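Undergrad: Sequence:
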Amino acid sequence: MASLAAHEPSLSPNSIPVLADALMPASIFAPDGGGCGDHDAGEECFEDGDLFNGEAGDLGIDFTNKLALVSPNGEQYDSLLRQLRERMDEGCGETIYVVGMGSDGGDYGLDEGDMEASVATVQSLCEQTESELILLRERIEAGGQVRDYLIRRRVGDQDFLEVRVAVVGNVDAGKSTLLGVLTHGELDNGRGFARQKLFRHKHEMESGRTSSVGNDILGFDQKGQVVNKPDSHGGSLDWTKICERSSKVITFIDLAGHEKYLKTTVFGMTGHLPDFCMLMVGSNAGIVGMTKEHLGLALALNVPVFVVVTKIDMCPANILAETLHLLQRLLKSPGCRKIPVLVQNKDDVIVTASNFSSERMCPIFQVSNVTGENMDLLKMFLNLLSSKTSYREDEPAEFQIDDTYSVPGVGTVVSGTTLRGLIRLNDTLLLGPDPLGSFLSIAVKSIHRKRMPVKEVRGGQTASFALKKIKRSSIRKGMVMISPRLTPQATWEFMAEILVLHHPTTISPRYQAMVHCGSIRQTATILTMNRDCLRTGDKASVHFRFIKTPEYLHTDQRLVFREGRTKAVGTITKLLQSVTKAQQAKMQSTKKGTTSANEEAGSAPRPDSPSAGQLPPKSGGGGRRRGGQRHRGKALNSTASPTSQHTPAAAGVGTTA
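Going by my numbering, the sequence shown wraps up at 657, each residue one higher than the last.
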């Protein structure tokens, strides 16, 4: 059981009485006898989100006692060090460490002398792991003091920890406004002042609605303080300076809330690989529109979700209580099976951040972008968030492309996410697959992370690469850059286990829909399936085939299958048809043969196509160029006889004209 706050946090003075039945405070997960197993919502205990007293079970040594850190011998110290390194690797460079709390059932707390000795041991462990020790809170228990520390690995000048958070929710829930307040440190005026700094297009500024995938960053230094300092003149953020001063950077993926931009939102959730999802709910509007849709998408992709209820400054108390009650019912429903926890103070923040990796707890924040209420709690929670996905640098490198650019003076630039391995400057990777399914050897000319030049990127980090000797037109979203050690092959067909979330009628073979898988977004056809037809709620094993180009896929990849109001999710189970080198050579030769034949034919028309002289003149405006061609065609028709129009010479003249 996780070692968390042992006292029950008090409710804030302006809290609503109805919340006592609708939502639970984070203190029910504290180890004071009322935590996991003793509450109706705590059906299963959370995996430990923190490390208390260097808990270790190897070498036959018992470290569950709260005094284990007071005076460890050499063997015990090595075991503590090994455990701390493992936990920091799991947390991608950081973890929460609780001193004075054991798991042997004894009283919590240490006297002043034992606490100083334990902290000295932890400080020594941090020096060995090149980490910083940051005090989060100190409290008094029955046996004495208990302290919670954040241990965060030191990073170089050109490195930082990165956590990606996707921001979803219905239109007008306040997504862009909240990001503007968080990243620029300036409160909103209630009329959209904060969000204007984030919009990328003119129509977004005019309508106030996001239509594209936006990226914004929030930097924290080693002590957990926000380092974002907007320019005093233009109000813009210097990403390079933020990254240089930050030990941790939160990347917000601002997604569209309107239904007509669902395609863009799905691509942002699948292609940008968020670690967490922040679901925004307007307190006055409640759970409406695309809220359930976006929550279901996050659950289908196994992305942990936390909820932010906005606009509490303008919402009546009874409406806010009703919104929170509906939110609690939605999160506890059989489709979600989440445990909603209302965050009201810093103790709750530490409790929820420690246990958030269990993916069953769902913290709920209530904030105001105008008054700034509870904004400090949300920032503290973001500072404590850590990705639980571990990456190994010795794996072959793989990088998925989610956007392409053509930069004057630089050339072709691609951006995306490093899925695994390590990519260094001037490395040679394979780029593909192209429409023929082949991969091209390409060199990395320069690397940028958050607009800051770096020499290498690791798994889990987003980056941009400048590539040598390639045109932007030959690169598309969904392509990958991969290590030659993997000998990649493109795939036309694959098998997947899918679950139909919604479909108005039935799905049968030959049905076509858009498949989102990572940064891949392409229409696929259902060839066969192990059932006659599929309806809402059905599961099946389905055989897909891409209709345009082959793609590079993995087994066990998550996919989203959608078309109109039809939505399905699934997992790739088997890759069926890959493009071999012989097929690539055959397709290449066929393409070259077709091209040479067309060149030999010159300007002569194909037998099946009519000449320009045979085509009747089109009515209506066709522009200046087409107008000139049309008048020339009329002149030819007026001078040529009806019989001569069918001769090759006349046809040639008409074609040339």
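Just so you know, these hints were derived from the structure itself, not from any lab. Remember, predicted model here, so these are calculated numbers, not experimental data. Be aware that one or more of the hints could be misleading.
In silico DSS-like cross-links for lysine-lysine, where the CA-CA straight-line distance does not exceed 30 Å [stated by the list, open to error]:
#1 K332 with K477
#2 K292 with K229
#3 K332 with K241
#4 K455 with K223
#5 K332 with K229
#6 K346 with K388
#7 K332 with K223
#8 K223 with K292
#9 K241 with K260
#10 K468 with K229
#11 K229 with K241
#12 K292 with K445
#13 K455 with K445
#14 K468 with K332
#15 K468 with K241
#16 K574 with K548
#17 K223 with K388
#18 K346 with K263
#19 K445 with K468
Derived Cβ-Cβ restraints for the label pairs, each shown as a range [as the list claims (entries may be wrong)]:
#20 A120 with R154: 13 to 23 Å
#21 G74 with G113: 18 to 28 Å
#22 K223 with T525: 46 to 56 Å
#23 G74 with E393: 44 to 54 Å
#24 K388 with R154: 16 to 26 Å
#25 S474 with G185: 15 to 25 Å
We treat Cβ as the ideally placed atom computed from N, Cα and C, and that holds for glycine.
Undergrad: Next, verify each hint and record whether it holds.
TA: Comparing the hints with the structure gives:
Distance hint between K332 and K477 is unfulfilled; the C-alpha atoms sit about 37 Å from each other, more than 30 Å. Taking the CA atoms of K292 and K229, the gap is near 35 Å; set against the 30 Å cutoff, the hint is violated. Between K332 and K241 the alpha-carbon distance is near 43 Å, which puts this suggested pair outside the 30 Å criterion. Note on K455 and K223: the hinted pairing holds, with a Cα-Cα distance of about 26 Å set against a maximum of 30 Å.
This hinted pair does not check out: K332 and K229 have alpha carbons roughly 40 Å apart, beyond 30 Å. Taken as a hint, the K346 and K388 pair is honoured in the structure, with Cα atoms around 22 Å apart against an allowance of 30 Å. Of the supplied pair hints, the one linking K332 and K223 is violated, its CA atoms being roughly 36 Å apart against a limit of 30 Å. Proposed proximity of K223 and K292 is contradicted: the alpha carbons are some 37 Å apart, above 30 Å.
Our distance criterion of 30 Å between C-alpha atoms is broken by K241 and K260, whose separation comes to about 36 Å. As the CA atoms of K468 and K229 are separated by approximately 35 Å, the hinted pair breaks the 30 Å bound. Restraint check: the Cα-Cα separation between K229 and K241 comes to about 9 Å, which is no more than 30 Å; the hinted pair holds. Taking the CA atoms of K292 and K445, the gap is about 43 Å. The hint is violated against a cut of 30 Å.
For the hint pairing K455 with K445, the CA-to-CA distance comes to about 10 Å; that is within 30 Å, so the pair holds. Distance check on the hinted pair: K468 and K332 sit about 52 Å apart at the alpha-carbon level, beyond 30 Å; violated. At roughly 28 Å between alpha-carbon atoms, K468 and K241 fall within 30 Å of each other, so this suggested pair holds. Simply put, K574 and K548 have alpha-carbon atoms about 20 Å apart, close enough for the 30 Å limit, and the pair holds.
Straight-line distance between C-alpha atoms of K223 and K388 comes to about 21 Å, which keeps the hinted pair within the 30 Å bound. Between K346 and K263 the alpha-carbon distance is near 37 Å, which puts this suggested pair outside the 30 Å criterion. In summary, the hint linking K445 to K468 is supported, as the alpha carbons are separated by about 6 Å, within the 30 Å threshold. Hint check: A120 to R154, Cβ distance near 19 Å, so the stated range 13 to 23 Å holds.
As the Cβ distance of G74 to G113 is approximately 22 Å, the hint placing it in 18 to 28 Å holds. For K223 and T525, the Cβ-Cβ distance of about 55 Å falls inside the hinted range of 46 to 56 Å, so the restraint holds. As the Cβ distance of G74 to E393 is approximately 30 Å, the hint placing it in 44 to 54 Å is violated. A hinted range of 16 to 26 Å for the beta carbons of K388 and R154 is consistent with their spacing of about 21 Å.
Between S474 and G185 the beta carbon distance is about 42 Å. The supplied range of 15 to 25 Å is therefore violated.
This entry does not satisfy hints 1, 2, 3, 5, 7, 8, 9, 10, 12, 14, 18, 23, 25, going by the numbered hints stated previously.
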